[in-house]
Each structure stands twice: as C-alpha cells, then as structure tokens.
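Student: In case you want the letters, here they are:
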Amino acid sequence: MRPMSEEEKKHRAEFDEMTRRNFLVKVGLGSIAVAGLGTTVFAYQYLSPNVLYEPSPVVDAGKPGQYPLDSVTLDPETAIYVVHSAEGFYALSATCTHLGCLTAYKPELGIIACPCHGSKFRKDGTKIEGPAPKPLPWLRMWLSDDGNLMVDRSAPISARQMVRV
Amino acid sequence: MRVFPENYVRQVAESRVWKSVFRSGTGFSNLKRSRFVQQNVFLHLFSVKARQRVLDFSVTWYLGALSFATFAILVITGILLMLYYHPSVPQAYADMKDLEFVVSSGVFLRNLHRWAAHAMVFLVFAHMFKVFYRGAYRPPREFNWVIGVVLLLLTLFLSYTGYLLPWDQLAFWAITVGSNIASAVPLLGGKIRFLMLGGNQVNANALLRFYVLHCMILPVTALLFIAVHFWRIRKDGGIYTGVPTTEGEQKR
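Line by line, the protein sequences give chains A and B. So the number in our numbering is just where the residue sits in the first sequence, counting from 1, plus 41. So the number in our numbering is just where the residue sits in the second sequence, counting from 1, plus 28.
Derived by calculation from the structure, the hints in this document are not laboratory data. Please note: incorrect hints may appear among the correct ones.
[Claimed, not checked] Partial pick of chain A residues on the chain B-facing surface, computed with a CB cut under 8 Å:
1. 88
2. 90
3. 93
4. 142
5. 157
Virtual Cβ for every residue (Gly too), placed ideally from N, Cα, C.
Assemble the whole structure, with the sequences as input and the hints as a guide.
Tutor: The following block contains the structure:
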C-alpha cells in the first residue's frame with residue numbers, strides 16, 4: 042500500500058476521533074449498510090417465487106402392457122423415456138445433461154441422440170460421446186395402486202433399479 | 029429585404045416564446061453557438077465545439093453514432109410492437125403471427141426491429157474494435173472504455189431477452205440452452221437460473237421476466253449509461269482523433 046501523505050493522516054486522525062459529527066456519520070453509514078443488506082434479502086425473497094404453477098414432477102406413464110419388450114418410448118411432453126428391457130422397466134430423463142435440449146431415441150441405431158450439439162447415449166443412459174458431461178439420469182419409478190407406471194422426474198436414482206411387473 | 033423562409037425563421041427565433049425556451053438568443057457568433065449547446069439539456073452532453081477532423085469518416089467510421097442510431101430505431105419500433113404484444117404463454121406466439129400477417133405495417137416494424145437488433149450487436153462490436161485498434165481507450169479515456177464494456181453487455185442481454193419473446197421453438201430452446209449455461213456458474217448457478225426464469229422451466233414466469241427486462245429494465249439502464257458515455261467523451265476532450273488534446277493525453 043502507498044504511504045499516506047500528511048494531509049491524509051490528518052484527515053484520518055480527524056475521522057478516528059469521536060466527535061459528534063463523526064459519530065453521526067458512522068451511525069448514518071451503518072444504517073445505510075443495514076438497510077442495503079435488508080433490501081438485498083427482501084429483493085432476493087421477492088424474486089424467488091414461493092408457489093410455482095408448473096406441471097407436477099410425478100408423471101403417470103400408464104399401464105406397463107402398452108410398452109412392448111425391448112422398446113424405448115419417449116413422451117415429449119414430460120421429457121422421460123420409459124424403457125422396457127428383458128430385466129424390467131425403468132425411466133430415463135430425456136433432457137440432455139449438456140444444455141437441456143430434448144433428446145430423441147433412434148430405433149435404427151438403438152441409441153439416444155441429442156439434436157442440439159450431438160451428444161449420444163446408450164439405452165441405459167450411459168454416454169457414448171459428448172459434449173454431455175454426464176449420463177442421462179435414471180428416475181424413480183414405481184407401480185401405483187391401480188397398476189400404472191409412475192415416474193418422479195425430480196428424483197434421480199442410482200442406475201440399475203428396475204420395476205418388474 | 030429578406031425573402032420568405034429566412035424572414036419567417038428570423039421572426040420565430042426572435043419571438044418571446046422561442047426566447048423563453050432557448051435562452052441563448054439568436055445570432056451566428058461562436059459565443060452564441062456554444063451557448064446554444066451549453067444551455068440545451070440534450071446537446072450539453074456533447075462538446076460545445078469540435079474540430080473538423082472528428083467529422084472525417086476515417087476517424088470513427090461513424091460506428092458509435094450508428095450504434096446509437098440502431099438503438100433509437102429499436103426503442104421506437106419496440107414501443108410500437110408492445111402495443112400488439114401480450115407477454116403471456118397462450119398469446120405471445122399468436123400476437124407475433126398477427127404482427128406478421130394481420131396488423132398493417134406490422135411485418136415491416138417487426139423486421140425493422142429484428143434487423144436493427146442484429147445490426148446493433150454487429151455495430152457495437154465493430155465500434156469496440158475501432159476504439160481498440162486506434163488506441164482511443166487509453167488514459168484519460170479508460171473509464172469510458174469500461175462504460176463501453178457495460179453497454180456491450182447490456183446490448184447482448186437485450187438481444188438475449190428479446191430472443192424469447194416470439195415464443196416459438198427457436199426461442200424456447202435458445203433460452204433453455206442459455207439458462208443452462210447460466211446454471212454452470214460455480215455454487216450460485218442453480219439459483220441464478222431459478223431467479224432468471226422465475227421457476228425451474230422456461231414457462232410463463234420466464235416469459236414475463238424476460239419481457240420486463242427487455243422492455244423496461246435493460247433499455248432504461250442502457251439509456252443512462254449511453255448518456256454518461258457521451259458526456260465522458262466531452263469531459264475527455266471530444267472524440268479521439270489520434271492527436272493529443274487534453275493535458276492528460278499530452279503527458280502520455
């Protein structure tokens with residue numbers, strides 16, 4: 042740091058000395074700081090919606106019977122794949138882990154591909170090539186009481202947990 | 029004996045009403061001219077006198093003035109487009125189509141807004157390169173360069189927020205990708221995306237937020253910074269011509 046000049050030292054000493062003016066200046070600056078902090082907190086809270094009118098993360102994917110064996114079915118509305126493999130049913134997120142585009146299943150190649158930047162995934166969500174940094178996450182799937190496949194889009198699970206019907 | 033138009037102009041300029049508005053008075057001396065600039069709230073952002081050289085095409089290629097001209101076109105056409113556009117999910121796309129096929133001159137105004145927006149991004153970058161390669165950013169003008177960087181960012185944010193408003197597939201996926209880029213910010217990324225979209229998806233809240241940013245917050249902020257940008261040119265000795273003019277430049 043640059044050494045203080047005589048004038049700055051004098052000015053500094055005057056500020057450090059607790060006169061009535063300095064006291065009021067410090068109280069004023071302190072109040073502005075508190076008000077600023079409060080405004081920041083209120084602004085943040087106001088700008089974060091407490092209620093969202095977004096579709097529910099839980100999706101009813103219908104009866105298991107409608108998904109033939111070895112099929113990968115995309116629902117573009119909810120952005121999930123329902124996969125029926127020999128070991129059982131599982132749900133994959135169809136949202137590319139790169140920048141959030143909707144991927145598509147290519148039946149002729151048996152892979153999932155993203156139209157935006159060319160990421161490719163296998164049917165189990167694992168990555169074939171980037172730029173996607175992560176595999177497509179598996180989503181929690183269960184059978185409802187009336188026998189429908191249910192998927193929670195907000196609940197990624199570790200892979201290989203399948204639903205057998 | 030003066031002829032008609034000159035006579036009439038002189039009569040208006042000497043009237044009490046004119047003098048109550050423009051206090052510099054009439055006449056063509058340098059003093060009167062400089063007073064006219066000084067006493068006008070808009071013109072006083074500029075130097076009261078300029079060297080002939082600053083008007084040469086080669087000095088600036090007029091890129092700053094052209095950037096401002098595109099901004100002015102965007103404000104005027106944008107306000108007119110706002111009269112037919114509702115920032116809501118069921119109506120936004122239909123309103124955009126109405127502007128193209130139903131509203132008289134709607135397609136002209138929309139295209140003018142669109143092309144002026146592309147032109148503005150190009151011109152602002154070109155202006156920046158011209159300033160950089162001529163060295164016009166050097167002291168004492170370094171602070172005006174910083175304001176220029178802020179104006180570049182505002183231009184890009186204006187361009188980005190306007191991208192969502194047609195509410196078509198291009199808009200939706202562009203903002204999906206863009207907001208996911210924002211969420212790559214370390215630690216705060218997810219929060220930034222949530223606040224930006226007003227939710228977890230590009231939906232009604234995001235459309236409204238982008239509309240308010242695009243039509244109100246960003247243009248007003250840009251206008252304030254533009255005013256300071258112009259005023260700093262005056263304070264730093266007018267448009268940079270390469271010949272040192274102020275004390276700060278001569279010391280360099």
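Student: When the nearest CB of chain B is found for residue 88 (chain A), is that gap smaller than 8 Å?
Tutor: For residue 88 (chain A), the interface hint holds, since the closest Cβ of chain B sits about 5 Å away, which is under 8 Å.
Student: Regarding the hint that residue 142 (chain A) lies at the interface with chain B, is the smallest CB-CB distance below 8 Å?
Tutor: With a minimum Cβ separation of about 6 Å from chain B (threshold 8 Å), the hint on residue 142 (chain A) holds.
Student: Would the hint on residue 93 (chain A) stand, with a C-beta cut-off of 8 Å toward chain B?
Tutor: Because about 5 Å separates residue 93 (chain A) from the closest Cβ in chain B, which is inside the 8 Å limit, the hint holds.
Student: Holds or violated: the hint that residue 90 (chain A) contacts chain B, with Cβ atoms closer than 8 Å.
Tutor: Result: holds, 6 Å to nearest chain B Cβ.
Student: Checking hints one by one. Is residue 157 (chain A) an interface residue toward chain B, by the C-beta closer than 8 Å rule?
Tutor: OK, holds: residue 157 (chain A) within 8 Å of chain B, min 7 Å.
The structure shown violates none of the earlier numbered hints.
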